[in-house]
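2 protein chains.
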Amino acid sequence: MSETGLEKVSSNKTFDGDLIKYKFKSAALGGLDANFNLYLPPQASSGKVPILVYLAGLTCTEDNGAQKGAFFAAASAQGIALLFPDTSPRGAGIEGEDDDWDFGTGAGFYLNASNPKYAKHYNMLTHVTLELPQVIETAGLPIDFKRQSIFGHSMGGHGALTLYLSSPTKQYRSASAFAPISNPTKCPWGEKAFKGYLQGGVEEAAAQYDATELIAKVKEPVHILIDYGTGDNFYKQGQLLPENFLKAARDAGHDELQVRVRSQEGYDHSYYFISTFASDHIHFHANLLKQ
Amino acid sequence: MSETGLEKVSSNKTFDGDLIKYKFKSAALGGLDANFNLYLPPQASSGKVPILVYLAGLTCTEDNGAQKGAFFAAASAQGIALLFPDTSPRGAGIEGEDDDWDFGTGAGFYLNASNPKYAKHYNMLTHVTLELPQVIETAGLPIDFKRQSIFGHSMGGHGALTLYLSSPTKQYRSASAFAPISNPTKCPWGEKAFKGYLQGGVEEAAAQYDATELIAKVKEPVHILIDYGTGDNFYKQGQLLPENFLKAARDAGHDELQVRVRSQEGYDHSYYFISTFASDHIHFHANLLKQ
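Residue numbers (UniProt numbering), protein chains in the order written: chain A, 1 to 291; chain B, 1 to 291.
Derived from the structure by calculation, the hints contain no laboratory data. Accuracy of the hints is not assured; some may be wrong.
For identical chains, the list gives no copy identity; a pair is met inside one copy or between any two copies.
Below, a list of computed lysine-lysine pairs in the BS3-like style, where the Cα atoms sit at most 30 Å apart [said to hold, decoys possible]:
(1) 192 <-> 290
(2) 23 <-> 236
(3) 219 <-> 186
(4) 48 <-> 236
(5) 21 <-> 236
(6) 21 <-> 195
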C-alpha cells in the first residue's frame with residue numbers, strides 16, 4: 001500500500017498499456033473499501049494523458065466494462081486513460097440493501113443520498129467526481145484531470161449525462177451513453193431509486209439527477225452522443241426514454257451537432273451492443289480530449 | 001426446437017451480425033445437453049461463409065471467448081463465422097468429475113476418452129470435429145464447412161493445434177493459439193488429464209494428443225501462429241512449453257513462414273492478452289479462409 005492508501009490489487013497488460021485494479025478506503029462511501037480499474041495507455045509512460053470515465057449499469061462492478069466493453073484498442077491508439085469505478089458501495093450493511101437487483105448494492109445511481117439511512121455510504125457522485133480524481137492525482141499517476149470526459153451504460157449512462165450536465169465547473173468536456181436511463185423521474189427504475197435514496201424523493205431528483213430535466217435548462221453548447229438499440233427490452237418497457245431527452249434537447253436549442261441520439265436497429269441492452277459502438281464513442285471523446 | 005433438435009437459446013446482435021446460442025442433445029457427449037455459440041457475420045445473410053472454431057481454456061464455457069475475446073470486429077469485417085463450443089460435457093454425473101478445476105467438468109481437453117469411466121461422455125474431439133459441423137449443416141445454417149480453421153486459448157490452444165495437426169482429412173486450413181499447452185505429455189496439466197481420460201495414459205496421448213509430438217511427424221506444409229506472454233504465470237510454471245513446439249517444428253523443417261511462435265513481452269494468461277492479439281489471429285486465418 002502506498003502512502004495515499006492506494007493498494008494495487010492486480011495488473012494486466014492489454015493493448016500495449018496496463019489495466020490496473022486498485023483498492024482504497026473511501027471516505028465518500030463511509031470508509032468502506034472501494035475498488036476501481038484504471039487503464040493507462042502506452043502514451044502514459046512518457047507524460048500525462050487525458051481520461052475518460054466509464055460508469056457501468058445495474059448489477060455491474062468495476063470489471064464489466066473492462067472485460068466486455070472492447071474499449072482498449074481505441075483507447076490505446078488514441079492515448080486516453082480509462083477509469084472504471086464500481087457502481088455502489090459494497091458491504092455497507094444497511095437493512096434491505098441486498099434485497100433487489102435494481103436498488104442498493106450494485107445500483108448506486110451516481111447520486112449522493114439525502115435519506116439518512118443511505119447518506120453515510122451512498123455517495124457515488126462525490127466518489128466519482130471528486131474522490132477518485134483526488135486519490136489518483138495524490139498517488140502521482142500520469143493523468144491530466146483537466147482533460148476529462150465521461151460515458152456509461154444504462155444506469156451509468158444516466159450517471160454520465162447527469163454528472164456532465166450538472167457540473168458547475170464543467171468538469172467533463174463531453175458525455176456519451178449506451179442505452180442510458182434518460183429521464184429517470186419518469187421510469188420505474190428511477191422512481192424506485194430516488195424514493196429510496198433521496199429525502200425529497202422524485203421531486204428532489206428532478207433538479208439534479210434527471211438528464212432530460214437538466215438538458216432543458218442548459219444554455220451553453222454541449223457535446224453529447226447517445227446510442228440505443230431498438231431490440232432493447234428495457235427500451236421497449238419505457239425504462240430508457242431517449243426520445244424524451246432528445247426532444248428536451250432540441251426544444252432547448254441544442255442541435256444535432258451538440259446532441260446526437262442514434263437509434264441502432266436490432267441491438268439489445270448487452271455488452272454485445274456496447275462493444276459494437278465502443279470505438280465510435282472513444283473517438284467521439286478523443287476529438288475533444290486531445291485538444 | 002427445429003427438426004434437427006437444435007434449440008435457439010438466445011440471440012444478440014453484435015457488429016452487424018448475430019451471436020446465437022444453441023442447445024441440443026449431444027450424442028458424442030452421451031446424450032447430454034450441449035450448448036454452443038455461433039456468430040454469423042453480416043455476409044451470412046447473402047450466402048455461405050467460412051468458419052473459425054474457437055476452443056476455450058480450463059474452467060471456461062462457450063461464453064468466455066464470445067464475451068471477452070474481442071473477436072467480432074474483425075470477424076464481421078472479414079465475413080467469417082465463429083463457433084464457440086463448450087469445454088466439456090456438463091452433468092455427466094461421474095464420480096469425482098467436479099472435484100478439480102483442471103480435470104473433468106470444464107476440462108475436456110478436446111480428446112475422446114478411452115478410460116471406460118469417461119468414454120461415454122468425454123468425447124470433445126468428436127463433438128467439435130464431427131458433431132457440431134453436422135448439426136449446424138443439418139439445420140441449414142449458412143456455413144461453408146469446406147473452409148474451416150481453428151484457434152484456441154491454453155487448453156483450447158492445445159485442442160486447436162492437435163485437431164489441426166492430427167486430422168487425416170485436413171479438416172482445418174490453419175490453426176492458431178494464445179498461450180497453448182504445447183507439449184502436454186511433459187506438463188502437469190496434460191499428465192493429469194491423460195492419466196484420467198486415457199486407458200493408455202500419457203503414452204497413449206503422445207501418438208494423438210500432443211502438438212509437439214505431432215508437428216515432428218508432419219511432412220506437409222502447415223499454417224500455424226502462436227502467441228504467448230512472458231508475464232504468464234502458467235508459462236513460467238512450465239505448463240505451456242511453446243519452445244518445445246517451436247524446436248520440434250523447426251527440426252521437422254517447418255520454417256517461420258509455416259510456424260510462427262511469438263513471445264509477447266509482459267502479457268499474461270488472461271483475456272486481456274487474448275483480446276490484444278485477437279484481430280491479428282482473425283486476419284491470419286482470413287487469408288486462408290477466403291481463398
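Evaluation of the provided hints:
For a Cα distance limit of 30 Å, the shortest separation of residue 192 from residue 290 qualifies neither inside one copy, at 39 Å, nor across copies, at 53 Å. Taking the closest pair of Cα atoms, residue 23 and residue 236 come within 30 Å of each other only across two copies (27 Å); inside a single copy the shortest separation is 38 Å, beyond that limit. In this assembly of identical chains, the alpha carbons of residue 219 and residue 186 lie at most 30 Å apart only when taken from the same copy (23 Å versus 69 Å across copies). Taking CA atoms no more than 30 Å apart as the test, residue 48 paired with residue 236 passes in neither setting, with 42 Å inside one copy and 33 Å between copies.
Proximity of residue 21 to residue 236 under the C-alpha cut-off of 30 Å is restricted to the inter-copy arrangement: shortest distance 23 Å between copies versus 36 Å within a copy. Taking the closest pair of Cα atoms, residue 21 and residue 195 never come within 30 Å of each other, the shortest separation being 33 Å inside a single copy and 38 Å across copies.
In this structure, the hints that do not hold are numbers 1, 4, 6, in rising order.
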